[in-house]
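The UniProt record's numbering puts the first residue of the sequence shown at 1, with every later residue one more than the last.
Heads up, some of the hints might be wrong.
What the hints assert, rightly or not - In silico BS3-like cross-links for lysine-lysine, where the CA-CA straight-line distance does not exceed 30 Å: (1) K285 / K91; (2) K285 / K235; (3) K215 / K255; (4) K255 / K235; (5) K126 / K235; (6) K279 / K91; (7) K126 / K91; (8) K279 / K235; (9) K285 / K126; (10) K255 / K126; (11) K235 / K91.
Unchecked claim - Simulated restraints on C-beta separations: (12) I173 / E123: 38 to 48 Å; (13) H296 / D62: 15 to 25 Å; (14) G433 / D62: 38 to 48 Å; (15) P194 / A377: 58 to 68 Å.
Note that these hints are calculated values from the structure, not bench results.
Where is the CB? At the ideal position from N, CA and C, for every residue including glycine.
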Amino acid sequence: MVNVEHETAPEALAFRDEEGNVNPSFLESASRAIAEGDAEGLRRLVDPLHEADLGALIEALDHDDRTRLLALLGSDFDFAALTEVDDTIRKELLESIPNANIAEGVRELDVDDAVYILEDLDEDDKAEVLEQLPPPERVALQRSLDYPEDSAGRRMQTEFIAVPPFWTVGQTIDYMRETEDLPDTFYEIFVVDPTFQLIGTVPLDRLLRTKRPAKISDIMSEDQHLIQATDDQEKAARLFQRYNLVSCAVVDESKRLVGVMMIDDIVDVIEEEADEDLKALGGVKGDEELSDTVWHTVRSRFPWLFANLVTAIVAANVIHLFEGSIQQMVVLAVLMPIVASIGGNAGTQTMTVTVRALATQELRRSNTWRIIRREVAVGVCNGIGFAIILGSVAVLWFGIRDLGFVIGLAMLTVLSVAALGGILIPLTLHRLGVDPAVSSGPFVTTTTDVIGFFAFLGIATLWFGLS
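Could you build all of it, start to finish, from the sequences and the hints given here?
Written as structure tokens, this is what we have:
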């Protein structure tokens with residue numbers, strides 16, 4: 001499909017503005033056509049759009065206009081656009097579409113895109129949609145849906161080209177020319193034995209450069225990167241990233257070829273996983289979307305905020321222990337938040353680096369202690385630096401020389417502990433099988449707050465003889 005900015009149709013409205021956002025004029029035209037029930041005018045607007053642009057248009061429309069757009073387009077609606085919208089919008093739209101229409105729409109999609117849509121349906125609707133599909137398509141989709149959620153089997157395409165090793169290059173090329181149901185996009189030919197076990201691959205460029213009489217077995221590469229259908233999609237993404245792959249074979253437990261993962265699928269996986277990790281670090285569930293209702297968002301965020309309330313109460317109890325010292329020396333109350341704040345930020349920095357390193361498997365058993373020593377050294381160095389800076393500020397600010405020493409020692413302590421806690425807490429949670437991206441935050445925050453308050457107020461109490 002071509003973009004609406006195609007040079008042969010200069011009179012057409014540009015879909016995106018200079019910043020890459022949906023053009024307000026285009027959105028207004030689409031909304032007007034929907035409001036007037038102008039199906040023909042709406043088709044003229046959206047027909048040239050790529051599925052990603054159609055998805056962006058759907059997201060930009062008002063809630064009611066989305067379902068009207070689908071109704072006006074009817075059978076001309078490209079169901080691939082549903083893979084480009086966020087989960088909440090897709091589920092809402094699927095609820096408004098009859099199952100017979102869904103069945104007709106997914107028939108035109110690649111298996112991985114069809115699975116992406118069907119997995120959002122409840123079991124009864126999913127079964128009804130599958131029943132209305134031709135047997136070959138139904139079997140392919142059901143097999144993919146049987147694999148675990150977020151597995152390579154859910155992401156793979158089941159359309160690929162596999163040939164026996166005794167074929168010649170000429171036979172293979174003729175087969176591809178004469179076969180009508182080839183995959184839309186492919187980068188390599190898979191070589192299989194009679195049991196459909198993968199024995200090699202032939203990149204398309206090598207196939208086209210080789211003379212026709214050459215046997216496939218003579219030009220195939222036996223060095224294979226395989227993905228198990230039950231592997232987590234994140235593991236598959238790391239394989240693509242590590243070896244710069246554009247496609248990769250997917251095999252079952254018997255090593256039989258069952259599908260192929262493509263780079264476009266992996267780009268989506270990387271974006272999803274990064275989005276999930278980023279949200280988790282902020283205490284937001286990975287499936288939260290901007291289109292979620294207020295009540296759904298409240299329920300999603302409340303547990304995290306409650307956990308933070310508990311940790312805040314723990315830190316407040318530490319302050320309460322030194323209530324007498326604070327009353328005798330009020331300046332401690334002024335400087336106390338600075339120590340805790342810097343400690344918390346330092347712990348969060350280390351935690352973020354650690355969680356990301358665990359997600360990408362850069363942090364392993366073989367280098368754990370080296371990284372721990374590195375982070376502690378960073379914490380000590382930062383502690384010394386900030387001890388000098390904040391100690392000097394305290395002396396100049398309040399004119400109490402000993403106060404500079406006290407807060408400097410507290411800074412050194414809290415930044416060293418923050419660095420240690422920022423790496424040990426995610427590591428411990430990871431070893432226990434708990435997602436460190438989700439659970440590390442409250443623990444690290446509590447540790448740095450408690451240690452920060454206790455170190456500063458405790459040292460000050462001892463040094464100045466407070467009670």
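Exercise. Sort out whether K91 lies within 30 Å of K235, counting only the CA atoms.
Key: Given pair K235, K91 holds - Cα atoms ~27 Å apart, limit 30 Å.
Quiz item: Going straight from one Cα to the other, do K126 and K91 come out at no more than 30 Å?
Solution: At roughly 13 Å apart (the allowed maximum being 30 Å), K91 and K126 satisfy the hint.
Quiz prompt | 38 to 48 Å as the expected CB spacing between D62 and G433, which holds or is violated | solution = holds (44 Å)
Practice problem: Compare the distance between the alpha carbons of K279 and K235 with 30 Å, and conclude whether the hinted pair is satisfied. | Solution: Satisfied, since the Cα-Cα distance of roughly 20 Å is no more than 30 Å.
Practice problem: Could you grab the alpha-carbon distance between K255 and K235 and see if it respects the 30 Å cut-off? | Solution: holds (18 Å)
Quiz item: Holds or violated: 58 to 68 Å for the Cβ distance of P194 and A377?
Solution: Holds, at about 59 Å.
Practice problem: Mind checking the alpha carbons of K285 and K235 for me, to see if they're no more than 30 Å apart? | Solution: holds (21 Å)
Exercise. Given the hint that K285 pairs with K91, test it: the Cα-Cα distance must not exceed 30 Å.
Key: Satisfied, since the Cα-Cα distance of roughly 17 Å is no more than 30 Å.
Quiz item: When you check the alpha-carbon spacing of K279 and K91, does it fall within 30 Å?
Solution: holds (21 Å)
Practice problem: Compare the distance between the alpha carbons of K126 and K235 with 30 Å, and conclude whether the hinted pair is satisfied. | Solution: Distance of about 28 Å is within 30 Å: holds.
Quiz item: Taking the beta carbons of I173 and E123, is their distance inside 38 to 48 Å?
Solution: holds (44 Å)
Exercise. Take a quick look at whether K255 and K126 sit within 30 Å of each other, Cα to Cα.
Key: holds (29 Å)
Hint check: no violations occur; every hint is consistent with the structure.
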